[in-house]
Each structure stands twice: as C-alpha cells, then as structure tokens.
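Q: Residue-level listing of the chains:
Protein chains: 6
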Amino acid sequence: MAQTARILVINPNASARVTQVIDSELMSLRATCPFSLDVLQNIDGPPGIALQADVDQVAPQVLGIISKEKADAYVIACFSDPGLMASRERFPDAVIVGSGEAAILEALTRGDRFGIISLSDASSLRQRRMVRMMGLTERYAGSQGIEATAEQSTSPELFEKMVSAGSALAQSGANVIAMGCAGMAHFRPMLQDRLGLPVIDPTGAALAVAIGRCMVRRGRPDAHPG
Amino acid sequence: MAQTARILVINPNASARVTQVIDSELMSLRATCPFSLDVLQNIDGPPGIALQADVDQVAPQVLGIISKEKADAYVIACFSDPGLMASRERFPDAVIVGSGEAAILEALTRGDRFGIISLSDASSLRQRRMVRMMGLTERYAGSQGIEATAEQSTSPELFEKMVSAGSALAQSGANVIAMGCAGMAHFRPMLQDRLGLPVIDPTGAALAVAIGRCMVRRGRPDAHPG
Amino acid sequence: MAQTARILVINPNASARVTQVIDSELMSLRATCPFSLDVLQNIDGPPGIALQADVDQVAPQVLGIISKEKADAYVIACFSDPGLMASRERFPDAVIVGSGEAAILEALTRGDRFGIISLSDASSLRQRRMVRMMGLTERYAGSQGIEATAEQSTSPELFEKMVSAGSALAQSGANVIAMGCAGMAHFRPMLQDRLGLPVIDPTGAALAVAIGRCMVRRGRPDAHPG
Amino acid sequence: MAQTARILVINPNASARVTQVIDSELMSLRATCPFSLDVLQNIDGPPGIALQADVDQVAPQVLGIISKEKADAYVIACFSDPGLMASRERFPDAVIVGSGEAAILEALTRGDRFGIISLSDASSLRQRRMVRMMGLTERYAGSQGIEATAEQSTSPELFEKMVSAGSALAQSGANVIAMGCAGMAHFRPMLQDRLGLPVIDPTGAALAVAIGRCMVRRGRPDAHPG
Amino acid sequence: MAQTARILVINPNASARVTQVIDSELMSLRATCPFSLDVLQNIDGPPGIALQADVDQVAPQVLGIISKEKADAYVIACFSDPGLMASRERFPDAVIVGSGEAAILEALTRGDRFGIISLSDASSLRQRRMVRMMGLTERYAGSQGIEATAEQSTSPELFEKMVSAGSALAQSGANVIAMGCAGMAHFRPMLQDRLGLPVIDPTGAALAVAIGRCMVRRGRPDAHPG
Amino acid sequence: MAQTARILVINPNASARVTQVIDSELMSLRATCPFSLDVLQNIDGPPGIALQADVDQVAPQVLGIISKEKADAYVIACFSDPGLMASRERFPDAVIVGSGEAAILEALTRGDRFGIISLSDASSLRQRRMVRMMGLTERYAGSQGIEATAEQSTSPELFEKMVSAGSALAQSGANVIAMGCAGMAHFRPMLQDRLGLPVIDPTGAALAVAIGRCMVRRGRPDAHPG
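Sequence order for the protein chains is L, E, W, P, X and C.
Under my numbering, the first sequence is numbered contiguously, ending at residue 226.
Under my numbering, the second sequence is numbered contiguously, ending at residue 226.
Under my numbering, the third sequence is numbered contiguously, ending at residue 226.
Under my numbering, the fourth sequence is numbered contiguously, ending at residue 226.
Under my numbering, the fifth sequence is numbered contiguously, ending at residue 226.
Under my numbering, the sixth sequence is numbered contiguously, ending at residue 226.
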C-alpha cells in the first residue's frame, strides 16, 4: 500500500473553541490510529449552527470543502450533518460521514431508544425532522435542549444542564444518550458516569465509522470502493 | 498503551468453508490493521443457519463463546446475529457487533432503501422480522432468496442467482444491497460491478465497526467504555 | 368426531409455583371446556425467564417439547413466546399459540393502546423489541417493570407494585393492560377492579385462542387445517 | 354453571344467500361446540356492503341489534366491522367480535404479511383505511378486488378470480390470505389448496375468538368480565 | 364566469348554539370573500357528536345533505368528519372538506407535532383512530379532553379547561394545537395568546381549504375538476 | 379593511420558461381572485433544481427574498420547498407555503395513496426523504422520474413520459398523482384525463392554500395571525 490514508474532519461552524475541542479529541487518537487525522474549520461559517438557516447557509460550504480537499474519508463534525446528502450525491464512492447520523446509528447498537441532548428547542425540532427523515422514529425517545450556543457548549457551567437534560430523556424512555453538538465531547465520560447510561459523542462516533471503513477498504485485495 | 487489541470474529455455524471465506477476508486486512484479528468457528453449530431453529440453537452457544473468550471486540459473523441481544445484556460495556445489524446500518448511509440477498425464503422472513425489530421498515425494500445453504453460498454457480436477486431488489426500490450471508463475501466486488449499486458484505461492515470503535476507545485519554 | 382434542400448555420455565398458577386456571376451565387441557413444565428450563439469555436457552427446549408431544394445540405459557417462530416454521399446520402474542392481540380488541406489566426492566426492553417485531408500536403505550422474578410473581406482596405499574401505564395512555407473566394470573380480577381497565392474563388469552381455533377446525366438514 | 352460552352472529347485510353461507358454517360447528350458535340477518340492511355509504348506513343498525339482543358474545359477520367501535364503546364488558378484525389478527399469527381478497376496489381502499386505523400497516401486503358483490361472492364462477387475486397478493409479499367477505367462506379449503398458503375465513376467525373467550370467561371462578 | 360560487357549511349536530358560533365566523368572512357562504344545521342530528354512535348516526345524514344540496364546496363542520369518506366516494369530483382533516393538515404546516383539545376521553380515542387512519401518527402528540359537550363548548367557563388541556399537550410535545370542536371557534385568539402556540379552529381551517380550492378551480381556463 | 392582500409566488430557479408557466397560471386566476398575485424569479438561482446541491444553494436565497419582500403570503414554487423550514422558523406568523408540501397535503384529501411524477431519479430520492421527514410514508406510493430538467418540463414531448410515469405509479397503488415540478402545470388537465385519476399541480395547490388562508385571516374580526 502506498500512502497514509487521510481523514478530514470538517467543523462546519467558525467557532475556534469547538474546533479546539475536536482537535484535542484527534490528538489522543493520533497515538493509536495509523491514519492522518486533520481538522479544518469552515472559515465562512457562522459561529454556531443554531437555526435551520444556519444549516442551509453552511451546507453548500461543506460541499465546497469536500469538493476541493482530497481525503480518504470526510467527517462533517456538526450534528445537523449540513451538506451530507449533496456531498454523497456528488461523490457516491467517497466515504463521507455525518456525525449526527453516525451518533444516531451507533446509539441504535448501544440501547433500545436514544435521546439527544440538543443546544436549543430549535435544534430539537430539527433533530426530530432529521430522525423522521432517517426513518428511525420508532427508536427515538426525543431531544432535550439546554439553551446554549455551540461556543458555550464547551463551558463547564453547562454540565449540570446536560445532566438534567439526560435525566429527562431517560425518563422519556431513552437508555442511550447522544450529545447533539461536537463541542460537548469532553463532557462524555463524566456525563456517562452521572447518568449511568452510555453517552455518545458525535465526532467520536463519526471517527469510528471513518477509520473503520478506511481500514476495511484499504485491507481489501480488490480496489473496489465500499 | 499496553497490548495489541484483539478482535474476535465468531462464525456461529460449523461450516469450514464459510470460516475460510471469513478468514481470507481477515488475511488481507491484517496487513493494514494494527489489531489482532482472530476467527473462531462454533464447532457445536449446525453446518449453516437456515431456519429460526438454527438461530435459536446457536444463540446460547455464541453467548457461551463470548463469555469464555477475552477480546476487545466481538463480531458475530452471521446475518441473523444469533446471541447478540443476550450478549449485550450480559456484557453491556463490551463491543459486540452483529454483522447483520452492522450491514443494515452501513446500508442506511450508502443508499436510501436497502435490499438483502438471502439464502432462502425462510431467511427472508427472518430478516423482515429482524428489520421490524430494529424499527427500520421505512428504509427496507425487502429480501430476495437464492435458495442455497451457507456452505453453497461460496460456490461460483450462485453468482448469477445473486445478480438476479439483486436486480429484483433494485426493481423493488433498493439502491443499496446487503449480502445476507458471511459466505458470500468474495462475490462483493463482482456483484457491485454487475448491479451498479453499492453491495455490502456483512462481515466487512461488522469489522469496520469493531475496528473503528476499538480505535476510538483506545485513543481516549480516559478509560471509559464507549 | 373421534377423539377428544388435547391442548397442551407448556410452561417454559421450571418454576413449580408458576406451573401451579397455570394449573389452577386450567382446573376451573376443565368444567366448561370439552377438550383435554394438560400442562407440562419444561424441566430443563431455568426457574424463570428473566433475561434474553433465558429466552435463548429455552427456545430450543420448547421446540423439542412440541416436536415430541402430540396435541391439537400448543400454548407456550411465557410472555416472551420462546420457540414460537421456530415451532411454527417446522409445523406450519399446527395450532401453536404464544401467550405474549395472544395477550397483545386480545389487547388490540379491548382498548386502543395497551401497556404491559413486566417483571423487570430487562423484560420491558425485550417486550418493546417483541412489539416492534410484531409491527404494533402504534398501539403500544409501553411496559412497566415491578422488579420481581417469575417465582415471586405469585406472591401477594407484589399486588401493590402491579397497581402502581398499571397506573403508570394508564398515565402513558394505555387503556388496556396485559400482565407480562403467566405467574400473575390470579391477580387479574383484583387488578382489573383497582385499575378500572381491562386486564389480560396471557395464559387465559392464549387458551381462548387455542380452544376457539380447535373448536372451529373440528367443526369443519373438511379436514383442512386452519 | 347455569345456562348455555349464546353466541349471536349478525349478518349486517340483507342477503339471504350470504346468511345461508354463514348458517351452513354454524351448522357443522354446532356438533362440536357446546354453545348455542344463532345467526341473525339485518333485515333493514342493503343487499351487500360495497361502499363506505353502506357501512355508514348499517353501523347504527348493528348497534341497534346488539342493544336489543341478549347474548354472551356477538359476531359482526362483515369484513368492514360496521358498528364495532360504537358497540364496544356502549357495552365495554361485552364480547363483541368484528370478523374483519378477527381475520386480520388471526392472520398475524399465521404468516408474516397478510393480503385480503376484497369484493371491489372500493372495498380495497376501505380495508387499507381499516388496517391503518388498526395500526397494522407494517404487516399488510395489500388488498386485491375481484369486482363482485356480496351476493355473487357465493357463486362458483368467482373461484378463479379469487385464485388470481390471491396469487397477486402472494406476489406482493403476502404469505397468508384473508377472504374479505363472509359469503366466500365455502371456498376456503379449495383456495388454500390452490394457493398453498393459509386462507382465513373472517366468520370462522371471529367464531374462534367468540367461542374461545366465552369458554375462558365461563371457566373462571370469579365473575369478572374479560 | 357565470354565477357566484356557493360554499355550504354543514353542522352535523343539531345544536343551534354551535351553528351560531359557525355563523358568526362566516359573517365576518363574508365581507372579504367573494363567494356565497351558507350554513346548514342537520336538523335530524343529535345535540352533539360525543360518541362513535353519534358519528355513525350522523354520517348517512351528512351524505344525504350533500346529495341534495348544490354547492361548489362543502364543509363538514364537525371534527369527526362524519360522512366524509362516503361523500367523496359518491362525488369524486366535488370539493368536500372535513374540518377535522383540514385542521390536522393545516397543523402539519404550522408546527412539528400537533395536539388536539377534545370534548371528552371518548373523543380523544376517536381522534387517535382518525389520526392513525390518516397515517399521521408520527406527527401527533395526542388529544386531551375537557369533559364537555358540544353545546357547552361555547360556554366561557370552559376557557380555563382549554388552557390546561393545551398546556398538557405542549408538555407532551405539541407545538401547534387544534381545537377539536366547531363550537370552540371564538376562543381561538385568546387561547393562542395564553398558550403562545398557534391554535387552529377546524371550521376556519376547512373554510380556507374550500375557498382556496374554489378560487383556483374557477380561475382555471379549462373546466377540469381539481 | 385597508389594502389588497399580496401573494408573492417565488420561483426558486432562474428558468424564465418555468416562471412563464407559473405566470400564465396566475393570469387566469387574477380574474377571480381579489388579491394581488405576483411572481418573482430567483435571479441568482440555477436553471433548475435537479440535485440536493441545487436545493442547498437556493435555500438561503429563498429566505433572503422572503426577508426582503413584503407580502401577506408567500408561495415557494418548487416541489423541493427550498428554504421553507428556515423561513417559517424566522417568520413564525407569516403564511409561507411550500408547493411540494401543499401538493402532498392536498393529495391526502383526494386519494388514499399518492404518487409523484418527478424530473429524475435524484429528485425521486429527495422526495422520498421529504415524505419521510413529513411523517407521511404510509400514504406514499412512490415517485417516478421522467429524466428531464425543469426547463424541459414545459416541453410537449414530455407528456407521454408523464403518462407512463403516472401509470407506473397507479400500478404501485397511487390513486392520486402530484406533478413534481412547477413547470409541468399546463399538462394537468390532459394528464388527468389520460390517467383517469386526480392530478395535482403543486403551484395550484399552494395558491389554494395561500389564498384560502389569507381570506380567512382577513375575514377575522380579531387581528390574530393564524
């Protein structure tokens, strides 16, 4: 085999703080993973993806980045997966991983019904539309907002709000929790301890998919995608 | 990090031919993957998992193997995922991957509706129950049997039957195909070419999940499972 | 008509206490019903069906019993219906009744949404998977555990827990309640009075199906099954 | 026990021919069943239930009959189950069995997806609404009309049309067939032979439910309904 | 174009008070709308549509009225839409609008999940069946009864009960509320203010559909229905 | 009442031909409708909305137009409803009508299952996602592409392709057809005649909603939106 595979993690928003949370996750992963793991901030993006208008604005930008950047796999590090469908439509053979989608699909394997801790009520509604679009409502316990922005999502004060949101979701039947923002990643172990339920970080879930698929693709004697 | 991670692939049936197909897939993967990849045949199993009675017989055996063998991740290399739920219930922190489940979840990311090429009509019915149990009917185009056994599934004559089954599934709306038996793996690239649609091998899909999750777990500074 | 029809009730667990609850139900029924009503305890079974592993262990044993015992109808007297699908697959013309399935289908005719009082949270999750597999989620209000074993399910102290569970289910929208264990049968009339909602005992529901179908089959001039 | 139980079968239409088909079914059943089995024709009804307007016209009449006639169980012998919901609402403790509902629920236990042979396209649409109302679409393969009336449904020429309709339904995935009219009952054994699939007669299915539930209710030491 | 279009609003119950609430809604609308807007009370109807038996009784009467009265569009001004399916079946080219259906479909465009304030628990159950029949359960948060009759629904004391019901529905996830009775129309603006959510009056929703479709039909150069 | 209401129809693509088709529909409608009916072409848009990337590109532009233009109701005249969710989120009190959504909801009132004639396979997949997102899969028979662009959709040669697509949809169970592009409007009456099924033009459906809601809002004594 020739070159080291490259996995490109795209942060669709322009929050340096969120990018930093993602990067520190990659940092420790680099010790184990034989692939090159890069993160790229969408410099034209808004500070956070709060509204449907933000998703709509950012979607063509993500497609633009994927069109320009060469990589063996792409991770869209925003729970709303902006640009995911358009990118897959244009590059059907590429490995393009939405972190919202990845978190939800991993959740299906780690519990019966999943709940999502979202940044706000607007995000909760968007997530519900997303889950319906995926055809997964039967496994969805709901979303619970913590009324914060992506930037704030890295702030320590938010932890107790996340515990409350997670408990409310458990009350509604969730036995696995997905965190609805890339910026929440560092809270994962603590939150899992407090809730006593598996907690999934979307970027981690997406990286697992990207790494696993790259590995299997490269390990195949034939050159076929998939 | 201490030791090399071990991923254990369990073939629930006792067909040496199927085990061999799985093993040759692992062989080429070992060149790329830094983990130890072992395959284990369920010597008490039937020659193939054709009927619900076979799944029922094999389920406690798979749980028994997972209980005895130490590994960082387990792959149950049979589309019916025998013993998956019981194993996860007993070992909630372990990474236990069902290859049917993994193939189906990967399919959700590579097409809109998936179809499954199954060994027989009995398997088709079982798969439909499985898809309903997973809550995924909205994304399911159906299963199509080729009237073969797991042993025969490795036979070259079956290829044309698989092409017919895949075309019928495409006719029913599938735009991604999962192969419903571990023994079909070597047909994947050819079948993908003929059908012009992504074709997923369940063992490959499951290995991607197992490798990806092990990598991310090991790459985490904290020792938390998940 | 020749011989008296025989209906065989199989208790998949090895709890003599549960078998006794079932038997006392049959006792009073024998006065009215012209069929022979036998009960058989699965002596190889665990004391109760609490986990998926128990269902998996017991399923082949139930199939074994049905394969050996001759009867006009079989009732599997455990809400999880172990071995039901495999038995029907092997004996497509036989009348094989799962008591979980029968209770759920009767519930559909006696209320709009049903709730299930289950022995434990593990059973609740299993029941949800079962309801999804049956394709009936739209009519399902949920399951509520009382944290008991099948043996204990006959104990009088449990009654108040069942009332609480039933009330919680009503709160969630259930207007008919199924009891999730054969051992709870004797509580049915009292529970119905307290909750003010129809309460269904799974063995009773299954017996009604078995008796009714045997009667209609025998009353047909032609010898056709069905 | 005091009196013989009475099961009243109501033919909602005023077709003597259909009533006769029902009656001859009861005739042979009377030899086995210890209950009194009566049939009653709705003399105010239309000759057949072809359109929604017929169902609407007949519904209050069926409720009227059930209000006036004393019985231990009522069978509404029309697949559209006219008056079923209103009757259950008024007499919550009575055993009131819709033959469409009973056929569909029995079908769920004898196959994976059911198809219905209907009298006409208008009936097919009505059945689809009914199946959706029951929340059972995931198990429904569809309805297929034979363009006949309830009166004609007893005519021998229709048999071949029923075979074609049944085959079309099997093609669409049905592996169990319900006949969508009480007047088709006598074709059941022949049709089952030709199609090689279980065929369910709605009146037979409803009688099984009515007889079974009456038996179990009467066999209970307590006087509780249910 | 020749004549002024006529829209006929049918009140299926015989409550003069409800008819009056409808009429005062039409009154103000007449100033803007170029169509003739008539209301007609079903003099043979019950004072209110409380039970399924009321719906069943009234359905043929509504069909009778539509068969006799000439209009460009018909509005059935009762949330249960009695006679709607039968009328559309008989007059496939006519514009026949059910106000329950219209309110629910408008709700789908003004929120993600809708809740219904119903007159009673019996109505709530009927609405749930209706929503299932429409295939819309994924968007339905539930119904909440206020234990009143259609006549009382115009009484000012009921307003606080409606506020409580609406709040409970919001708690269950509804972000748009439909009022489940024509007689509640005058409460709409106040209720919307109190709940802070869009509130839909079924007659208003149905009138919007009837007026809009008549306008578009008449504005078409061709004479085609639709 | 003060001023004439203004309904603004936005053509999200930059095809003058499609805008012309829309405009000629408005032309004849202006004779009947007392409102001002304007059409506006999105000059920054692509020539047609063929791919998800086109929808993504156009969505923020539609939001921009709605933010700048003052109107009593907005119609987004593209079946994919670009910008609909973001616009409603920003302007919750405005009447914003998606023509895809409007066509689908009208279809629910004019048949049991609807089919959509789409421009291409990519559009068919997008429509399926849209229908799932709306939670309406139970009423959806599918989409059928005619492999054309929005510009070509006005060309007479396409008519026969539309007839074939419509027939295929009818074969799949559709009994009402929605045309999946604004540019197809002029084919509606002919297509309806040929197929013998109701055919819905999305712009017409959306105009009916916009006109109807404006009329009812203006006809209300109170000034409340809704």
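Just so you know, these hints were derived from the structure itself, not from any lab.
In this text, all values refer to a predicted model and were calculated from it rather than measured experimentally.
Mixed in with the good hints there might be a few duds.
Said to hold, decoys possible - From the structure, some residues in chain P lie toward chain C, with a derived Cβ separation under 8 Å: (1) T19; (2) R128; (3) M133; (4) R217.
As the list claims (entries may be wrong) - Label-pair distances were calculated between CB atoms; the ranges are: (5) X:S36 / C:S28: 17 to 27 Å; (6) C:D38 / X:S24: 31 to 41 Å; (7) C:S28 / E:E160: 56 to 66 Å.
Claimed, not checked - Covered stretches of chain X, going by a simulated chain C footprint (3 or more residues, C-beta under 8 Å): (8) 31 to 40; (9) 57 to 65; (10) 207 to 214.
For each residue, glycine too, the CB sits at the ideal point set by N, CA and C.
Q: Work down the list of hints and note, for each, if the structure agrees.
A: Hints and how they fare:
Restraint check, T19 (chain P) versus chain C: the minimum CB separation of about 31 Å is more than 8 Å; hint violated. With its C-beta approaching chain C no nearer than about 6 Å, R128 (chain P) sits inside the 8 Å limit, and its interface hint holds. Annotation: interface hint on M133 (chain P) violated; nearest CB of chain C at approximately 11 Å, more than 8 Å. Below 8 Å, beta-carbon pairs count as interface contacts, and R217 (chain P) has none with chain C, the closest being about 36 Å; its hint is therefore violated.
One distance hint, 17 to 27 Å for the beta-carbon pair S36 (chain X) and S28 (chain C), holds here, with the actual separation near 22 Å. Checked against the given bound of 31 to 41 Å, the beta carbons of D38 (chain C) and S24 (chain X), roughly 33 Å apart, stay inside it. Range check, S28 (chain C) to E160 (chain E): Cβ separation about 57 Å, and the 56 to 66 Å hint holds. Residue count for the region 31 to 40 of chain X with a Cβ under 8 Å from a Cβ of chain C: 4. That meets the three needed, and the coverage hint holds.
Counting residues of the region 57 to 65 of chain X whose beta-carbon sits less than 8 Å from any beta-carbon of chain C gives 0, not enough to reach three: the coverage restraint is violated. Residues of the region 207 to 214 of chain X with a Cβ under 8 Å from some Cβ of chain C number 7, which satisfies the need for three, so the listed coverage holds.
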